[in-house]
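J.: Line by line, the protein sequences are chains C and A. If you're matching positions, the first sequence starts at 1 in my numbering and goes up one per residue. If you're matching positions, the second sequence starts at 269 in my numbering and goes up one per residue.
Hints are computed from structural coordinates only; laboratory data are not their basis. Treat the hints with caution; some may be incorrect.
To be verified - Result set (SDA-like, lysine to any residue): computed pairs, CA atoms no more than 25 Å apart in a straight line:
#1 K343/A with G358/A
#2 K343/A with R369/A
#3 K343/A with A138/C
#4 K343/A with Q123/C
#5 K343/A with W116/C
#6 K343/A with A366/A
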Amino acid sequence: MPGDVTAGAEAPRDPAASAAEPAGLLSEMRLLRRRTRADRHAYWFPLVLFGVLICASAPLYLQRPIPAHAGFGQVITAAGPSAPLLSDFNGLLLNSYLPYYWLTALVVGLLLTLLWYRRHARQVGLATPARGYLITGAVVTLLAILVPPLSNVPALHWLHVLWPGDLFIRGTFPFLIIGAALCVLAWAERSVGLAATAVIYTGAALLASLYDIENVLFRLGWSPNADGGRLAGLPGVLLPALILLAAGVGAFAVQRPRQRPRQHRAAA
Amino acid sequence: MTAAAEPEPQPRELHPTNGIDETVHQRHRLGILTITAEAQRADFGYLREALGLTPGNLSRHLTVLEDAGMVQVEKGYEGRRPRTWVRITGEGRAALAAELRALTELVRRHGTPVHGS
């Protein structure tokens, strides 16, 4: 009897029934779990948000024209705040606002995502544990700001072990902070799709941090030096952003139509 | 004449039904635990709709699970609108896992394929 509170767990005596009932229950619970998970998924928003935030940072990655007299290995120093992990180490960028931008963008992005998940929980009736995502993003951002100055203090010199090697020299370390947060979000969302996106995006962010992606485009016929080399850093910025935007739009197409009817019913 | 040593009786493997908890085995209560295990917390309205239950029936099932320490019911307001959230406890998660293990073992013993897997 549906909804019978007293319906208990008498072990069925008929052998056929004894197997059919557990099989039916297991099938039903698997279906329920899949449906609940699909209703709860709302990760299109952080993907699109961080894709847009990375795209918006592109003007800050314009490089200053390379002086004709610059020799191999010459470092051009740029004045700016002391947050080298959120900036570029080489000092090749046209202006020095990158750390301000990323500090603001990361904090705003993480908070907006948390608010988004709260709103989604109210609308759909299922809450995703997104706090781990927020904490991961906030802690790594804080470390990126605090580790460089603190490791200069003699007593805290050991903090140099936390410097991320060559990962920050192109100014793309914030992309990796986003990648770490998305990996934690994929675990909270229990989503294979988001996990795959986070892995592919993090791979692209690592590539952009360790390799000059414009070299690939150069081989395909694009000359980054056509504009005095100003655009040379953009492929490394736009590739991770496009991955997030494409995955976010795809997730939106899947998640939005599924959740809309339920929201209308809840509003009614 | 020496008496031959009697072999020790081997303990028989427990039937999987021994792992079934009556509180959890009921279809709708199993459904409540399955849904709440998938989320940080689930809204009363969502559970009612997903399981096709009346509010009264869902309340009674929730009371049974709450008394057994398997879920926590949080009542509050969003603006002026009352809202009830249900959260699974560690005990509830363990009971759900044990129930699903027992069901899987029963299916394995009797060889009935599970549909929709």
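J.: None of the hints should be skipped; say for each whether it holds.
T.: Tested hints:
{"no.": "1", "hint": "K343/A with G358/A", "in the structure": "holds, 20 Å"}
{"no.": "2", "hint": "K343/A with R369/A", "in the structure": "violated, 32 Å"}
{"no.": "3", "hint": "K343/A with A138/C", "in the structure": "violated, 30 Å"}
{"no.": "4", "hint": "K343/A with Q123/C", "in the structure": "holds, 17 Å"}
{"no.": "5", "hint": "K343/A with W116/C", "in the structure": "holds, 22 Å"}
{"no.": "6", "hint": "K343/A with A366/A", "in the structure": "violated, 29 Å"}
The structure shown violates the earlier hints numbered 2, 3, 6.
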